[in-house]
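Protein chains: 6
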Amino acid sequence: MSLTIYRKAHFNAAHRLYRKDWSDEKNDEVFGKCNNPNYHGHNYQLIVGITGEIDKETGYLIDIKILKQIIKEEVEDALDHKNLNLDVPEFKELNPTMENIAVVIWNKLRKKIDPKYDISVKLFETPRNFATYTG
Amino acid sequence: MSLTIYRKAHFNAAHRLYRKDWSDEKNDEVFGKCNNPNYHGHNYQLIVGITGEIDKETGYLIDIKILKQIIKEEVEDALDHKNLNLDVPEFKELNPTMENIAVVIWNKLRKKIDPKYDISVKLFETPRNFATYTG
Amino acid sequence: MSLTIYRKAHFNAAHRLYRKDWSDEKNDEVFGKCNNPNYHGHNYQLIVGITGEIDKETGYLIDIKILKQIIKEEVEDALDHKNLNLDVPEFKELNPTMENIAVVIWNKLRKKIDPKYDISVKLFETPRNFATYTG
Amino acid sequence: MSLTIYRKAHFNAAHRLYRKDWSDEKNDEVFGKCNNPNYHGHNYQLIVGITGEIDKETGYLIDIKILKQIIKEEVEDALDHKNLNLDVPEFKELNPTMENIAVVIWNKLRKKIDPKYDISVKLFETPRNFATYTG
Amino acid sequence: MSLTIYRKAHFNAAHRLYRKDWSDEKNDEVFGKCNNPNYHGHNYQLIVGITGEIDKETGYLIDIKILKQIIKEEVEDALDHKNLNLDVPEFKELNPTMENIAVVIWNKLRKKIDPKYDISVKLFETPRNFATYTG
Amino acid sequence: MSLTIYRKAHFNAAHRLYRKDWSDEKNDEVFGKCNNPNYHGHNYQLIVGITGEIDKETGYLIDIKILKQIIKEEVEDALDHKNLNLDVPEFKELNPTMENIAVVIWNKLRKKIDPKYDISVKLFETPRNFATYTG
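First to last, the sequence lines map onto chains A, P, U, B, C and H.
Numbering-wise, this note's numbering puts 118 at position 118 of the first sequence, and it's gapless, one number per residue.
Heads up, this note's numbering is the position in the second sequence plus 135, with the first residue counted as 1.
Heads up, this note's numbering is the position in the third sequence plus 270, with the first residue counted as 1.
Heads up, this note's numbering is the position in the fourth sequence plus 405, with the first residue counted as 1.
Heads up, this note's numbering is the position in the fifth sequence plus 540, with the first residue counted as 1.
Heads up, this note's numbering is the position in the sixth sequence plus 675, with the first residue counted as 1.
These are computed hints drawn from the structure, not numbers from a lab.
In this text, all values refer to a predicted model and were calculated from it rather than measured experimentally.
Ideal Cβ placement from N, Cα and C applies to all residues, glycine included.
There may be inaccurate statements among the hints.
Stated by the list, open to error - Once the Cα atoms are required to be at most 30 Å apart in a straight line, the calculated DSBU-like pairs of lysine-lysine come out as: (1) P:K257 - A:K56; (2) C:K560 - U:K303; (3) B:K431 - U:K386; (4) H:K797 - P:K203; (5) B:K431 - B:K516; (6) U:K296 - P:K207.
As the list claims (entries may be wrong) - To give an idea of the interface, some chain P residues facing chain U are shown, with a C-beta separation under 10 Å as derived from the structure: (7) A148; (8) N171; (9) Y174; (10) H175; (11) A213; (12) D215; (13) P262.
Unchecked claim - Beyond 12 Å from chain B on every Cβ pair, some chain C residues (computed): (14) S563; (15) K605; (16) D620; (17) L626; (18) Y657.
Generate the whole structure from the sequences, applying the supplied hints.
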């Protein structure tokens with residue numbers, strides 16, 4: 001038996017893909033226009049999945065109001081209307097690719113959600129490019 | 136090798152989340168505005184997945200016209216334009232949360248679909264809240 | 271010159287289409303399964319358009335935070351998780367068709383928004399059925 | 406008779422809403438979190454409409470391949486993966502609100518498209534906030 | 541006062557853009573890969589708008605069940621799973637561009653819908669290319 | 676640990692479902708209106724998933740620009756604006772059902788993508804009918 005519930009959220013942020021220890025030429029070669037030193041940005045869309053068992057009493061797997069609040073505090077308040085490179089501690093030394101953002105979000109949620117549940121994160125950087133991470 | 140085909144369907148229904156054996160205060164505390172005694176409602180969207188092997192002769196995993204008809208009879212005719220609490224026998228004693236609705240739909244489909252196929256159900260209660268159940 | 275800004279919102283509600291002064295037979299004939307006496311429901315999606323001129327100082331036509339707040343107070347707080355027939359005064363004697371709901375929402379917004387702006391309301395009852403009203 | 410054809414496009418950009426001649430306090434009061442000095446960003450989605458008459462010979466109102474190319478050169482090449490405030494000349498002294506971006510795009514397209522056609526621009530800053538401009 | 545209701549529909553069809561009286565070279569030059577002599581195809585999505593006044597008795601502008609049936613008979617039965625060039629009489633001598641298809645659909649609906657209503661047709665050839673026609 | 680990145684693409688094609696070795700009656704019985712001898716068509720939407728590990732140096736699982744180019748060459752150039760039955764060698768003797776198209780695309784991609792990555796293919800024939808194949 002496998003039951004998962006999902007909650008969508010979103011945040012709008014600026015970022016730049018590059019490595020400080022690489023030359024401009026190498027950053028341009030690898031990251032192309034994503035390496036604009038003045039940043040660009042995205043409407044990130046996030047889908048968090050929680051897998052577990054139904055609570056027979058309530059019929060809920062997890063109270064989605066509580067999940068919504070955890071996502072707000074851990075993800076939206078931390079990332080929305082932010083410059084990921086400059087404003088978010090996790091990306092001070094980590095390139096904010098969609099892959100790394102998905103992993104960072106998963107790690108933040110993992111600390112706040114009961115270990116009896118499995119967690120999945122789907123992160124859309126654009127409607128055509130997205131990533132999933134399941135820990 | 137894993138091949139799955141999917142078919143979308145939808146139904147519009149009213150429901151109320153509560154337990155008859157709880158006080159109004161406890162129902163309000165747990166289910167919040169979903170406990171409106173006059174009901175509220177949703178456009179539920181359903182995606183049924185069928186996993187199996189391709190029939191070499193037809194190139195079909197399953198004839199989607201037949202799957203569409205089973206979904207119509209088992210789900211749409213039973214739930215569309217209904218009050219889940221009052222009109223649907225499965226929810227007479229079962230809280231119609233999206234989790235329980237997903238399980239009920241899966242059980243109804245399981246009885247009608249050849250056991251050689253695996254079944255998955257994804258149920259959207261809103262565009263932001265949804266559930267999957269795979270039995 | 272015509273500039274319009276739009277804001278999306280949504281609410282989930284139950285309703286029933288019928289006239290108290292008609293027989294059950296006539297209500298069934300005209301409103302079909304929408305006349306379920308136990309109600310059914312929808313995820314209504316709303317798009318409010320505001321037409322006017324750009325404020326040269328801010329670059330805003332209207333502050334969308336203020337518009338969002340007006341929509342929350344006038345529409346979402348009034349209609350979300352409600353039974354339109356039983357819980358909403360405007361529909362005590364008015365059939366809650368999507369046409370009438372669109373007109374009711376427009377009238378509520380018109381009272382709260384500066385008359386220098388034109389207002390449009392687009393209301394989705396389902397992804398396939400919707401209405402627009404421009405006063 | 407009114408016939409319009411539409412073409413969708415998109416660009417991802419960073420921006421900040423503020424006025425250089427205002428204090429930080431006033432910018433925060435008016436523009437809120439959109440005034441992050443480190444910028445934030447969006448996946449802007451654009452829909453360009455062209456109104457005119459069908460060319461009886463081809464059955465086209467306008468060759469959409471040509472329209473696509475004009476949008477690429479005038480909008481996507483100019484705005485995609487850019488910081489609107491720092492990289493785009495039109496916003497050096499103009500606040501890059503969605504209203505102003507829509508007007509700037511319309512003006513750029515107007516210069517490149519035969520005056521026998523009317524032009525409309527619909528610009529989504531997010532899926533919930535968007536603007537239309539028709540000149 | 542302006543009230544419009546909309547109904548979505550869809551049909552899947554093959555077509556080829558070309559003129560019989562042009563050389564292959566000219567057809568290729570003007571219509572590019574849309575001139576494949578073996579045809580290609582689309583999932584066309586249609587939105588029909590009907591503008592008029594609310595019937596005070598029912599609260600309907602028009603009974604959407606009747607509109608749905610007219611669209612089925614006039615559009616879906618005529619165009620779905622068809623080759624527009626070979627199977628549909630209206631395109632025997634008319635190039636099935638999205639502009640011409642929109643006009644043909646509008647003309648077919650106009651004959652079946654009470655002249656007290658205005659009609660609009662929005663036709664998506666792809667999610668990025670679409671047309672509107674209002675007669 | 677499981678990380679997957681996804682890239683969307685699309686192609687528009689004509690096809691016909693039938694077996695040359697069956698009578699017209701049997702083809703009609705099994706494939707219904709999909710057996711139109713003049714073909715019909717679809718806007719196919721494709722989502723390719725690549726599963727693997729993050730490259731610590733770049734923060735990429737795979738460079739999505741390279742994946743996009745492989746999809747263009749192997750899928751879009753081969754299938755877009757084509758008649759699947761007549762123009763595409765893989766379907767000369769294979770019925771172009773969505774199941775078979777998904778398998779053909781997966782096989783084409785598998786040859787071009789480093790075996791250290793797992794591949795999944797999700798293919799939408801319409802917004803309501805789709806298939807996934809994971810090899």
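These are the hints, each one checked on the structure:
Of the supplied pair hints, the one linking K257 (chain P) and K56 (chain A) holds, its CA atoms being roughly 20 Å apart against a limit of 30 Å. Note on K560 (chain C) and K303 (chain U): the hinted pairing is violated, with a Cα-Cα distance of about 50 Å set against a maximum of 30 Å. Proximity of K431 (chain B) to K386 (chain U) is assessed by CA-CA distance (about 25 Å); at most 30 Å being required, the pair is judged to hold. With a CA separation close to 20 Å, the supplied pair K797 (chain H) and K203 (chain P) stays within the 30 Å bound.
For the hint pairing K431 (chain B) with K516 (chain B), the CA-to-CA distance comes to about 36 Å; that exceeds 30 Å, so the pair is violated. Only pairs whose Cα atoms come within 30 Å are accepted, and K296 (chain U) paired with K207 (chain P) is accepted, the gap being roughly 27 Å. At its closest, the beta carbon of A148 (chain P) sits 6 Å from a beta carbon of chain U; the interface hint therefore holds under the 10 Å criterion. For N171 (chain P), the shortest C-beta to C-beta distance to chain U is roughly 5 Å, which falls under 10 Å, so the interface hint holds.
Interface hint status for Y174 (chain P): upheld, as the beta-carbon distance to the closest one in chain U is roughly 4 Å, under 10 Å. Residue-level restraint check for H175 (chain P) holds (minimum Cβ-Cβ distance to chain U is 4 Å; threshold 10 Å). With a cut of 10 Å, the hint placing A213 (chain P) at the interface with chain U is violated, because the nearest CB-to-CB distance is about 13 Å. Hint on D215 (chain P) holds. Least Cβ distance to chain U is approximately 7 Å, under the 10 Å limit.
The criterion of a C-beta within 10 Å of any C-beta in chain U is met by P262 (chain P), whose closest approach is roughly 7 Å, and the hint holds. Here S563 (chain C) stays apart from chain B, with its beta-carbon at least about 14 Å from theirs, past the 12 Å limit. Remark: the non-interface label on K605 (chain C) is consistent with the geometry, its nearest Cβ contact in chain B lying 28 Å away (cut-off 12 Å). Every C-beta of chain B lies more than 12 Å from that of D620 (chain C), the closest at about 21 Å, which supports listing it as non-interface.
Listed as a non-interface residue, L626 (chain C) keeps its Cβ farther than 12 Å from every Cβ of chain B; the least gap is roughly 17 Å. Distance to chain B confirms Y657 (chain C) as a non-interface residue, since its nearest Cβ pair spans about 16 Å, more than 12 Å.
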